[in-house]
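Colleague: Given chain A, work out where chain B with the ligand should sit, using these hints.
Chains as they are written, first to last, in our numbering: chain A, 142 to 407; chain B, 120 to 630.
Since the hints were derived computationally from the structure, they do not count as laboratory data.
Mixed in with the good hints there might be a few duds.
Selected chain A positions facing chain B (Cβ under 8 Å, derived; list incomplete) [what the hints assert, rightly or not]:
#	residue
1	163
2	167
3	169
4	276
Each residue gets a CB set at the ideal place from its N, CA and C atoms; glycine is no exception.
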Amino acid sequence: MWKILLSRLTQGHRTVAYPDEPPSLPPRFRGHPTIDSTRCPEDCRQCVDSCPTDAITKDERGLALDLGRCLFCTDCTDSCPEGAIRFTTEHRMAARTRHDLVVRSGMIDRVRALDGKMLRLFRRSLKLRQVSAGGCNGCEADVNVLGTIVFDLGRFGIQMVASPRHADGLLVTGPVTENMKLALKKTYDAVPPPKIVIAVGACAISGGPHAGHDEVHDGAASVVPVDLFIPGCPPHPFTILDGLLGLLDRLGPDRTAPRGAQLTER
Amino acid sequence: MTEVLAIPNGHAVARADLPRLALDAFRALVIGAAAHRRRVSALFGVPPASGAPDAASIELIVVLADDDTGLLECASTVVGEDGLASMTPDCPEVHLFEREMAEQWGIRLQGHPWLKPVRFHPSHRPGHDAWDRPAGTWPVVGVTDFFRLEGEEVHEVAVGPVHAGVIEPGHFRFQCHGEQVFHLEISLGYQHRGVERKLVGGPGKRTIHHMETLAGDTTVGHATAYSQIVEALSGTRATPRACALRGVALELERLANHTGDLGALAGDVGFLPTASYCGRLRGDFLNATALLCGSRFGRGLIRPGGVAFDVDDGLVAQLQNRLSAAEHDVTDAAQLLWGSSTVMARFEDTGRVAPETALALGLVGPAARACGLRRDVRKTHPSGVYRMVHIPTSMAESGDVFARAYVRWLEIERSIDYVRTQLGELPRTSPRREPAALRPEMLAVSLVEGWRGEICHVATTDEAGRFRSYKVVDPSFHNWTGLAMSLRDQQISDFPLCNKSFNLSYCGHDL
Ligand code: SF4
Chain A
142 MWKILLSRLT QGHRTVAYPD EPPSLPPRFR GHPTIDSTRC PEDCRQCVDS CPTDAITKDE
202 RGLALDLGRC LFCTDCTDSC PEGAIRFTTE HRMAARTRHD LVVRSGMIDR VRALDGKMLR
262 LFRRSLKLRQ VSAGGCNGCE ADVNVLGTIV FDLGRFGIQM VASPRHADGL LVTGPVTENM
322 KLALKKTYDA VPPPKIVIAV GACAISGGPH AGHDEVHDGA ASVVPVDLFI PGCPPHPFTI
382 LDGLLGLLDR LGPDRTAPRG AQLTER
Chain B
120 MTEVLAIPNG HAVARADLPR LALDAFRALV IGAAAHRRRV SALFGVPPAS GAPDAASIEL
180 IVVLADDDTG LLECASTVVG EDGLASMTPD CPEVHLFERE MAEQWGIRLQ GHPWLKPVRF
240 HPSHRPGHDA WDRPAGTWPV VGVTDFFRLE GEEVHEVAVG PVHAGVIEPG HFRFQCHGEQ
300 VFHLEISLGY QHRGVERKLV GGPGKRTIHH METLAGDTTV GHATAYSQIV EALSGTRATP
360 RACALRGVAL ELERLANHTG DLGALAGDVG FLPTASYCGR LRGDFLNATA LLCGSRFGRG
420 LIRPGGVAFD VDDGLVAQLQ NRLSAAEHDV TDAAQLLWGS STVMARFEDT GRVAPETALA
480 LGLVGPAARA CGLRRDVRKT HPSGVYRMVH IPTSMAESGD VFARAYVRWL EIERSIDYVR
540 TQLGELPRTS PRREPAALRP EMLAVSLVEG WRGEICHVAT TDEAGRFRSY KVVDPSFHNW
600 TGLAMSLRDQ QISDFPLCNK SFNLSYCGHD L
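Next up, chain A with everything else stripped away, as it sits in the complex (with noise of 0.2 Å):
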């Protein structure tokens, strides 16, 4: 018993500040990327080719970069003889549409919170079904990791349930698996509305690596209607609270540091 105390004592009160103050990221981590069309050579598209999830596009306005299908990879970065995609340590990438996932320059906009209803609804308690449909437990290993002390989830009202019967929404990793299509659906039926889901990860954005592949399809809103996408391969857990807080209009005012200041050379 004194040896628990003693450890208590050691190991000290671990978890952050966030939201209210700015996550420490390591430097390398590689967040919101950042495009900068004006240095791309006309005929050049380097990028384009190398993603490998057909993230980039080019076209008389420049590139543009899909949030959604992006693994947060070096392909593009090490292609690119002109430093037009760079990472930046920006954590905060979740939005309410796929449209608002793409990128052309600048940074996207702070999530839109629920409205009305909902938002009322549930804004100091949310509960929410874990469904993975295919994720490979990287998504799942850092929603997990929100339970931890370091997160403590719980603080913001946002719990993890074990049924569907007692979520107000399902948080949905992994492309759906062809395997995994009619689980995910029940699982959503068996969720009383007013229900939300919460799309993690480029699986279950797009596809992620998996896309196109004849056993999986292409994300969450191929069977269930999407209200968040939060992005990465996986996304950072701070990428993860962002948005869940973004949702629940609990980030506060915008207190962290400006958008798209920490840039990253790489």
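Modeller: Frame of chain A; chain B with the ligand shown alone:
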């Protein structure tokens, strides 16, 4: 002894040199493996050449691991329309490999005691289906035969695919008499994403990303296994510095997962101090990996030819400091666990797997070492930095939850030492060398001791130097049946504890 081709881990040979055995000789080789102290690391069908997807015959390749000599013995055979007599009755460790080849290539296996689908997908060879299912239909996952216990007061408990936690899907069926479990049957396939099939024709721009997400918690392990394959097939050597950094990353991956597992086990028996501390400490190890490469899971770090991120002295010092801090706290958390009699009462004698069972099933990794089986690829089939600097194999005897937990703890201590040593003496070479093109008509085998156990990749190339086949054997493939056996005669309420003590991968199994 039958003719085999013996190669060390991470080597490639010409396909033409692979002995093609008569079916009987091949069967005898596999069945006799255990008696000759060999393990079955891989046994699989190779896709027919691209022009003949519905070929009448399928080539089988086996890779037997000899842990005494460190050699991998390879041989092949051809199976025609008649299929083959199942080897499972004489060699239980191939039971799932046989089910897999039946499912993938429609190979008929006579006398397999429990021939069911593994992942529930249509056959990859049109016109060939082991169960004569109609062509063009997708089998319904989980709809298959299950063992059933008959009798009064006997009942069946079915769990999943969707579980109560944040966890991947799988289906578990318990045959119970009251609280007592007579048998647990595990039916997977829900996570099947068709990765192996997509690897054929590669390497392409998605290949490394497929590898990194085969089992997302084993990114470094699988990416290293793949890189060794490319290096073997192209005749490229990863630089010494790359090998050392790969070792660092692999041990950090082990540290994060083992620490998380100790915490999860503590949580399952309601011992919250260790559960909370380890939950945080797991993240500290993941964050150390993120210091290296920006990703907590090591995405982007391991690449054929080396590593994509180098470290400087400042970063090394930072890593060392974090390691020391984490070492202090994880030691404290673990000692609390071992010092708690109530925890020990729950861990000891729960979920015991007998050494004979572990041997017969071909268990790998901590689950095998917890039963007294000395199986650790880092020691017996070392590649990369493990050839230069050895790491002691951590063992326990009792085969129960305690043993599986304790092996993890021993490995945590040793991995911390290993990382510290490696960081202290990083070779001053470049971190990466551009690999050459893959040589045509070759076969390569690569083993890596991931945190769950042996990861085995086997690739063959076609005449153009593209992957003609790519086989992935995740350690979970060997070990799921071990979990099922550990539940025999246990209380059903001990399932979560037993399950965590194995902590197997669903997607690594389902691919
Ligand atoms: S998005 Fe990436 S990390 Fe998440 S499940 Fe898919 S492959 Fe895994």
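Colleague: Given residue 163 of chain A was flagged as interface, is its beta-carbon under 8 Å from a beta-carbon of chain B?
Modeller: Violated. Min distance 16 Å.
Colleague: Report holds or violated for the interface hint on residue 276 of chain A, using the least CB-CB distance to chain B and a cut-off of 8 Å.
Modeller: 7 Å, holds
Colleague: Should the interface hint for residue 167 of chain A be scored as holding, given a Cβ-Cβ cut-off of 8 Å against chain B?
Modeller: This hint holds: residue 167 of chain A lies near chain B, its Cβ roughly 4 Å from the closest one there, short of 8 Å.
Colleague: Does residue 169 of chain A hold up as a contact with chain B if the rule is Cβ-Cβ below 8 Å?
Modeller: 4 Å, holds
Checked against the numbered hints listed earlier, the structure breaks hint 1 alone; every other hint is satisfied.
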